[in-house]
Amino acid sequence: MHSIHEILSVRFGIYYATVNRSLELTLSDSDLLGYLGAARPAGPVHILDLFPELVGLEADIAAVLNGESDGFCVPTVNRVPERDIFFDLHLFIYRPADGTALLVVRDATAEGISLRKVQQRRNDLLLKNQELVQREEFVRTLLDTMPNPVYYTDPDSMFLGCNTSFAAFLGKERDDIIGRRVAELLTPGAAAAFMGLGAESAESCGAGQCEESVKDGRGDTRYVIFNRGTLPGADGSPAGIVGVLSDITERRAMENRLRELGTAVEKSPASIIITDASGRMVYVNPKFLEVTGFSPDETIGNNPRILKSGSHGPEFYRGLWETILSGNVWYGEIQNRKKNGDLYWELVSISPIRDAGGKITNFVAVKEDITNLKNAMNRIEAREKELRIRNEIMEQNMLLAKKTLEMYIDFETPVAEGFNIACRYKPMEGIGGDYYFVKRRGGGLTVFICDIAGHGVAAALFLTLVKYFSDRLLRDHTGRPGEFLEKLNDSLYSNMSFYFVTGIYGELDPGENAVFRFANGGHPAPVLMRKDGSVEFLGDSNTIIGMKSGMEFDSIEERLVPGDRLFLYTDGIPEARNGESRMISMEMNLLDVFARSRRGTLEETMDAVMREIESYRGDRPPDDDILLLGFEIQ
Amino acid sequence: MTASTEKYKIVMLGDFAVGKTSMVKRYVYDLFDELYLTTIGVKVSKKEMAMEAPAGTRNVTLLLWDIGGLVDVRNLTAQYLQGASAAVVVADLTRLGTITQIEAHIREFLAVNPRGIVTIAFNKVDRFSESEFPGKLDKFMETYGARYGAASFRTSAKTGENVEALFTHIAGKLGSPAGNAQHT
Chain A
1 MHSIHEILSV RFGIYYATVN RSLELTLSDS DLLGYLGAAR PAGPVHILDL
51 FPELVGLEAD IAAVLNGESD GFCVPTVNRV PERDIFFDLH LFIYRPADGT
101 ALLVVRDATA EGISLRKVQQ RRNDLLLKNQ ELVQREEFVR TLLDTMPNPV
151 YYTDPDSMFL GCNTSFAAFL GKERDDIIGR RVAELLTPGA AAAFMGLGAE
201 SAESCGAGQC EESVKDGRGD TRYVIFNRGT LPGADGSPAG IVGVLSDITE
251 RRAMENRLRE LGTAVEKSPA SIIITDASGR MVYVNPKFLE VTGFSPDETI
301 GNNPRILKSG SHGPEFYRGL WETILSGNVW YGEIQNRKKN GDLYWELVSI
351 SPIRDAGGKI TNFVAVKEDI TNLKNAMNRI EAREKELRIR NEIMEQNMLL
401 AKKTLEMYID FETPVAEGFN IACRYKPMEG IGGDYYFVKR RGGGLTVFIC
451 DIAGHGVAAA LFLTLVKYFS DRLLRDHTGR PGEFLEKLND SLYSNMSFYF
501 VTGIYGELDP GENAVFRFAN GGHPAPVLMR KDGSVEFLGD SNTIIGMKSG
551 MEFDSIEERL VPGDRLFLYT DGIPEARNGE SRMISMEMNL LDVFARSRRG
601 TLEETMDAVM REIESYRGDR PPDDDILLLG FEIQ
Chain B
635 MTASTEKYKI VMLGDFAVGK TSMVKRYVYD LFDELYLTTI GVKVSKKEMA
685 MEAPAGTRNV TLLLWDIGGL VDVRNLTAQY LQGASAAVVV ADLTRLGTIT
735 QIEAHIREFL AVNPRGIVTI AFNKVDRFSE SEFPGKLDKF METYGARYGA
785 ASFRTSAKTG ENVEALFTHI AGKLGSPAGN AQHT
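Residue numbers (the working numbering), protein chains in the order written: chain A, 1 to 634; chain B, 635 to 818.
Please note that the accuracy of each hint is not assured.
Stated by the list, open to error - With a cut-off of at most 27 Å between alpha-carbon atoms, the simulated DSSO-like pairs for lysine-lysine come out as follows: (1) A/Lys117 - B/Lys770; (2) B/Lys770 - B/Lys792; (3) B/Lys770 - A/Lys128.
For the record, the hints were derived by calculation from the structure and aren't laboratory data.
Note that the structure is a prediction, hence the values are computed from the model and not measured.
Work out the full structure: start from the sequences and follow the hints.
Okay, here's the thing in structure tokens:
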């Protein structure tokens, strides 16, 4: 027969014991230990040893034992003696006077296992949900960090979602896009591109790729590649599309620029080579092939040293590489060799090309064939050298001619009674072309002044010829002054017809009835400065001597009185130029120059004239010899 | 002379499925089961250990209260926490939400046991890619450690990494004068 305790424990799963003040258990129910899977101890059983779940609740236990509390419960204790058991642990007030409490263990295994199943299912769902949330957040973060606009729609072209790039592309908020149809937000053409309408079958739900131009949120036209994929539904059938846009506007613009640049390089009149960092040629343009005669197969992958002529030493190439490897541009001329062995010169610039990280990846060489220019320069240099030598010879000849002329020609003026004679002569550097003589002739003077056209050795030689003929003519001359110039003209023309001279031949008689008879052969007219200060030109210039044979020259006679001054001069005076290349005779009347220069004596007057000339010329060096002859009748 | 045994109640706190039961199982039985089984109610495990201390060998018994992880920690009854000397707050490094709940668990525990010792286990470190989130774990450990003076451990119940070290640390702390010990 079963006891009441056994019936309770079997029917209701209730086990109990009493607890005394020493916290020892009185185990009236032998099945409690069996239920807990514990062995019966030899001595008293301490409640905390059998129920460690009560550790920490000692004060609560004491309160029950003392009758201060009706009891408490530790619910759903789980143990695994052989299999999982769950129980609620109760401590009730029992006999407070004795300090005894009743401990009841109620088996709740069935409830606990059921609760665990429910909780397990709930927790599994929560875990799965959390995983989904995390995955969705990951996908959203991934999409939002993508620079490409991304969108997805249902089969009816309604936006289900998009990333921030897409919202920015359309210039709208994400919330203003989701739930709207494509056609509501885009033009019909753009909508077709977004959904792939007309391009793919209905089964593919618009999946595919195309390139279209669409307007962005700012109304700007963008070139876009649409990559559209099928968005699968729960049953695997297409439930919409997901589209990724690649904005290739900048790339297309860059491609156009590169195409233009490529065309420019291909059509360039200069040879262009691109090498890799090691110097291997990766590109050559057609001009390079034309100039060198190499084929693309012979150049691509090879080093430009196939062009090496041997004209430059290792130091030359070392300097070139040091320059470009240090990131600088090398400029210079290189003599290279064509495939057929011909040498040619090139003006070369070699520039390094760096990648985004600053590393040199390529070199580009632009080369211009300067062989013809180089040859021309060589010819010019040779010619210049030749001219320099010839010039040196000429200068030596000039020096010799000048010395000879100085020895041969006597510029001294005689002292003659009845005349005061003075001369001012400023020759240019080198050999002058002015010549004169003043000689006694009876009681008077014979005067000749001339100016040879040109300078240099030939002019000097011509001057000696003029001197020779004028000296010889003077010895036999008795006729009028014009006759002197006519004979001189014929002599010079018959001997040196390509040279000519201007000159005045005159005879000056002294005294109260002084006379100046003269003939002018294209020379500046004499200036007569009267005793009273008036100044005038005498006669006309007439024709140049030596231009043609049979020339006639008029003889002019002018009466003078003591105190009158007569001036003969070469064109160095009327043609003196200032810093602005303007001639004095164009700026002022030469007679005024003489009138302003009149001083007490002949010499002072002539010095004043010379100062006027020099003052007008300023810093400009003289363009011609200056010769001024002065006569004063005494 | 036989040294007395120090007995401490330690509660395992944290959201569901963070690995509380697995940590206890690893520490007490050196076992690990990949299968997740929800804990219901309270399950007390006992770990006896001998610790060398300056005054001699300490016999320490840790009573590990594995409490079913509930979503809302405020549902925990104070009864479960009552009399606990220490708490191990466990978080799952693969679920950010369990880390943000650390603070709530600590407050709950300290409300009942103001002098209790708190230790944090950032569990499932074997599934956490440090390189993927550089500095993130250090930041967590620094934040909660500084705020509650709690020691933090990177743990893995699966590999056993730092599990014993964590409980040894607690036992060491409980032996100090400030420790909340019960001697039997």
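Evaluation of the provided hints:
1. A/Lys117 - B/Lys770: violated (36 Å)
2. B/Lys770 - B/Lys792: Status holds; Cα separation ~21 Å.
3. B/Lys770 - A/Lys128: With Cα atoms ~24 Å apart, B/Lys770 and A/Lys128 stay inside 27 Å; holds.
Consistency note: the structure conflicts with earlier hint 1 alone.
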